[in-house]
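S.K.: So the chains spell out like this:
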Amino acid sequence: MAFTLEDLAGRVGGRVEGDGSVLIERVRPLEDAGPGDVTFFANRKYRAELEATRASAVIVAEEEAVPGGRALLRARDPYLAFAKISTLFHPPRESVPEIAPGAVVHESARVHPSAQVMPLAYVGPGARVGARTILYPGVVLDEEARVGDDCVLYPTVVVRVRGTVGYRGILPRGVVGGGDGFGFAFDMEGEGGSGPRHYKVPQAGIAVVEDDVEIGANSCVDRATLGQTVVRRGAKVDNLVQVGHNVEVGPLSLLAAGTGIGGSTRLGMGVICGGQVGLVGHLQIGDGVRFGAQSGVTNDVAAGETYSGYPAVPHAQWRREVVALHKLPELLKQVKELEKQVKRLEEGK
Amino acid sequence: MAFTLEDLAGRVGGRVEGDGSVLIERVRPLEDAGPGDVTFFANRKYRAELEATRASAVIVAEEEAVPGGRALLRARDPYLAFAKISTLFHPPRESVPEIAPGAVVHESARVHPSAQVMPLAYVGPGARVGARTILYPGVVLDEEARVGDDCVLYPTVVVRVRGTVGYRGILPRGVVGGGDGFGFAFDMEGEGGSGPRHYKVPQAGIAVVEDDVEIGANSCVDRATLGQTVVRRGAKVDNLVQVGHNVEVGPLSLLAAGTGIGGSTRLGMGVICGGQVGLVGHLQIGDGVRFGAQSGVTNDVAAGETYSGYPAVPHAQWRREVVALHKLPELLKQVKELEKQVKRLEEGK
Amino acid sequence: MAFTLEDLAGRVGGRVEGDGSVLIERVRPLEDAGPGDVTFFANRKYRAELEATRASAVIVAEEEAVPGGRALLRARDPYLAFAKISTLFHPPRESVPEIAPGAVVHESARVHPSAQVMPLAYVGPGARVGARTILYPGVVLDEEARVGDDCVLYPTVVVRVRGTVGYRGILPRGVVGGGDGFGFAFDMEGEGGSGPRHYKVPQAGIAVVEDDVEIGANSCVDRATLGQTVVRRGAKVDNLVQVGHNVEVGPLSLLAAGTGIGGSTRLGMGVICGGQVGLVGHLQIGDGVRFGAQSGVTNDVAAGETYSGYPAVPHAQWRREVVALHKLPELLKQVKELEKQVKRLEEGK
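Protein chains in written order, with the working numbering: chain A, 138 to 486; chain B, 138 to 486; chain C, 138 to 486.
Extracted from the complex, chain A is given alone in its bound form (with noise of 0.2 Å):
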């Protein structure tokens, strides 16, 4: 596969600067690039790498300064059209419409005739697997449980009784589409007396994943209690992340690793997580907040605002606190030289 330069710049709605006639063969990064292939700069920090590569092409930013004699793609967004054109390179692979020996489909599951159901995958009572989806091997759907066209649940991904995926999933592995839901009411007395208990609150809602979303590996969406736990349409969920029961996350919303959010908290639209953010249950958080990476998330947030720290404040106030911070240890210095000399200039009155 090859494209000229040109083209390239036509498919993404860039503009070349220098030879666009080269052959473009493959997509590289910027360390490993050489002759025919093309790579991006999209991060300063490496500035260094990108005056040393080799590669035949660069895609840059329409305003950034470049040593000459390189081809350039010049775009708008450079890491947008590097995705683009990587994608050319990079298809995503395609259903070959089987239910492959050593695959369990049980009879009243319903599996679109393009689907692809790999060995050693299950598809439980009453599922449905749409157009084009492919199960990788491990994969199982329990009853019920409804997975749209265009998805791809690769290897040991799990989708609960009656959890739903809409069309262009992804979901890399190990997901839970609906565990149960983390909710016991305590009971002093247990069972005929027998003493305290946590008596499990059933998990009887379900798990609901709407069209376009990522979910990451070993990531769990939990049943509701009730009603529905959503991910919506084209958020997208990193690894080992928690969708607490009756979570709403809101729609193009980014949620980094290790990130967990408790039981019937919402989030709008467009929100961010940074990496091992915390919520407790029960907030309200607004359109297009920001968390950074850590936080401690304890109240309501509203829509545009962007919080850190444990427990979280917002951003510019928490840069604030750490600041001073690392003044303290020397104001504790100073306070104490302090008392000693208004205790001097007390004496002295």
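Hints in this document: simulated from the structure, not taken from any laboratory. Take these hints with a grain of salt, some might be off.
The list treats identical chains as one, so a pair stands whether inside a single copy or across any two.
[Said to hold, decoys possible] Below, a list of computed lysine-lysine pairs in the DSS-like style, where the Cα atoms sit at most 25 Å apart:
1) Lys480 / Lys182
2) Lys337 / Lys182
3) Lys480 / Lys470
4) Lys337 / Lys480
5) Lys464 / Lys337
6) Lys182 / Lys464
7) Lys477 / Lys464
8) Lys470 / Lys182
9) Lys477 / Lys182
10) Lys182 / Lys473
11) Lys473 / Lys337
Given chain A, put chains B and C in place with the hints provided.
M.R.: Same frame as chain A, but now just chains B and C:
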């Protein structure tokens, strides 16, 4: 399935206020409930939803003031009453005794005739499965693993060699009933003098999950180095929790999602960890201790205490420190100002 | 299996103090050990257990003072000596060469005749399995995945397309040898002007796990965007760890449970992360760096440093700041008092 409100009240030891003959057919959340539904009110954050609900009946606390015109089921603990009523409407799935085609059961394994082994589940040599227990597709019971009566092991749960799960255990998914503990001895010389390496300490012990335990999705209970790692009766472990080698989790403890417990640490009875709590190894944590979410615990904690913070301190102290920290940037200015004033005073002396 | 203490001492380069002819049949912890058992003492927290142990022999450090009347095996590093002796009593499981009925091996895969593929394991097209390697039930090797000699892949480990695992790798469970990296480019216009979306950046690279690596349960090593994500030789990764796309984990590094490493960050040799550490992306971490548990790392760190805190700072500084923070509530009062005194002094001037 339908019950009169009077009947439901009798079953949970509550009392009816209003029309006890109303027929209840479903349990639904405040905001979704309509005629024929019972709902519950246990968190004052949802006061507006309570006032707007169209449910036929609401489960509320005995002393709760509720706008008139609604049938009420008053209970000492409305959340527990709700949990019990919801269980009536959503009884746990029962075993359908069989070893399904496509399951693999070793000839030396013993599966109780009332148990259900679903397709693509694996029961290894010498493993045992108790009465009425259900193994979903993708479950793997390693050699000599034992699972008691009335358990449910959801898809892809793994119980490693000689690991045991007691009666009525619920393992929602991807659990490790005994992964290798993380134990290495640094070996400067290495194999035949070949250089430094981390020498693997054999993890030859087992993991034991006692009766009435629930362990969440993608949680890990490591095998012991020697002896046992044990999660005691009635403890509930949420998703993505790490229970290190030789840890003991006391009975009725609750570990919320993302919590990690270092090797050989022991938790007493009824310990509660909020989300993403971390405990280092070799600690003793007393009965009834509570840790706030994201606490980092580095010391033993006596029974009954509540700790928070990083590193964790008594909760009230942590609150004071957090409040004080918010004043620190201002304090720095105040002290600077004081220094000026004192300087002027000293000069004017 | 039984060894004299003298024999054991010789095998680990230690020396006997007391009766070297005592027969040792088991390795057990201090508190459980009895006659015929050897135990070890490597953590002074367990002094009382040492004094009470009924073990036939104890492995201790050369300089350790121990109450008399016990046979001792003195070693320079007692934990390493214990580890080696425990390995004698608990040798790793050996491969029982076969491709079990119920396993699925693609006709284009190459499985070494000495390897063991257990039931319900899957070896995909073009995948390779090395000599004496064991694949447990539920393991999935995707297309072109390669696993070296003497590896053990415990149940439900997944190695994604073209991912590689070196020699002597141990993957306890649920590992992703290459899940998709979390990479999206924000696309304001969307497909045909349909509105904003997160455009998926193809994750076309691979994940490489070198020789002698252990990767814990439910840990994720993401595929690279382009090029490789790599965990170098001898590194040990605990459970629930996230290794982002294009990360490099240096040789002999140790990552404790719950740690997350953002995309493109590079760790040098022998880096140690305590539990639940988070590192943002694009960092350079030098050789031998240590991070305290729950650190949040946002900047490059030079070789040999120890950092802690959120955000992470040099460990000694963090300790000072924590100590100072505990004094802050009192400091606020002191400054208020000082202000009053200074005001009085000024008024009395």
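S.K.: Does each hint fit the structure? Answer for all of them.
M.R.: Okay, the hints, checked on the actual structure:
Proximity of Lys480 and Lys182 under a CA criterion of 25 Å is satisfied in neither setting, with 53 Å inside one chain copy and 46 Å between copies. In this assembly of identical chains, Lys337 and Lys182 lie within 25 Å of each other by CA distance solely across copies; the values are 22 Å between and 51 Å within a copy. Taking the shortest alpha-carbon separations for Lys480 and Lys470, both the intra-copy value of 15 Å and the inter-copy value of 16 Å come in at or below 25 Å. For the homomeric pair Lys337 and Lys480, neither the shortest alpha-carbon distance inside one copy (63 Å) nor that between copies (62 Å) is at most 25 Å.
Proximity of Lys464 and Lys337 under a CA criterion of 25 Å is satisfied in neither setting, with 49 Å inside one chain copy and 43 Å between copies. In this homomeric assembly, Lys182 and Lys464 never come within 25 Å of each other (Cα to Cα): the closest approach is 29 Å inside a single copy and 36 Å across copies. Taking the closest pair of Cα atoms, Lys477 and Lys464 come within 25 Å of each other both inside a single copy (20 Å) and across two copies (18 Å). Taking CA atoms no more than 25 Å apart as the test, Lys470 paired with Lys182 passes in neither setting, with 39 Å inside one copy and 36 Å between copies.
Taking the shortest alpha-carbon separations for Lys477 and Lys182, neither the intra-copy value of 49 Å nor the inter-copy value of 43 Å comes in at or below 25 Å. Neither within a single protomer nor between protomers do Lys182 and Lys473 lie at most 25 Å apart by alpha-carbon distance, with minima of 43 Å and 38 Å respectively. In the homo-oligomer, the alpha carbons of Lys473 and Lys337 never lie at most 25 Å apart, since the shortest distance is 56 Å inside one protomer and 52 Å across protomers.
Of the numbered hints listed earlier, those contradicted by the structure are 1, 4, 5, 6, 8, 9, 10 and 11.
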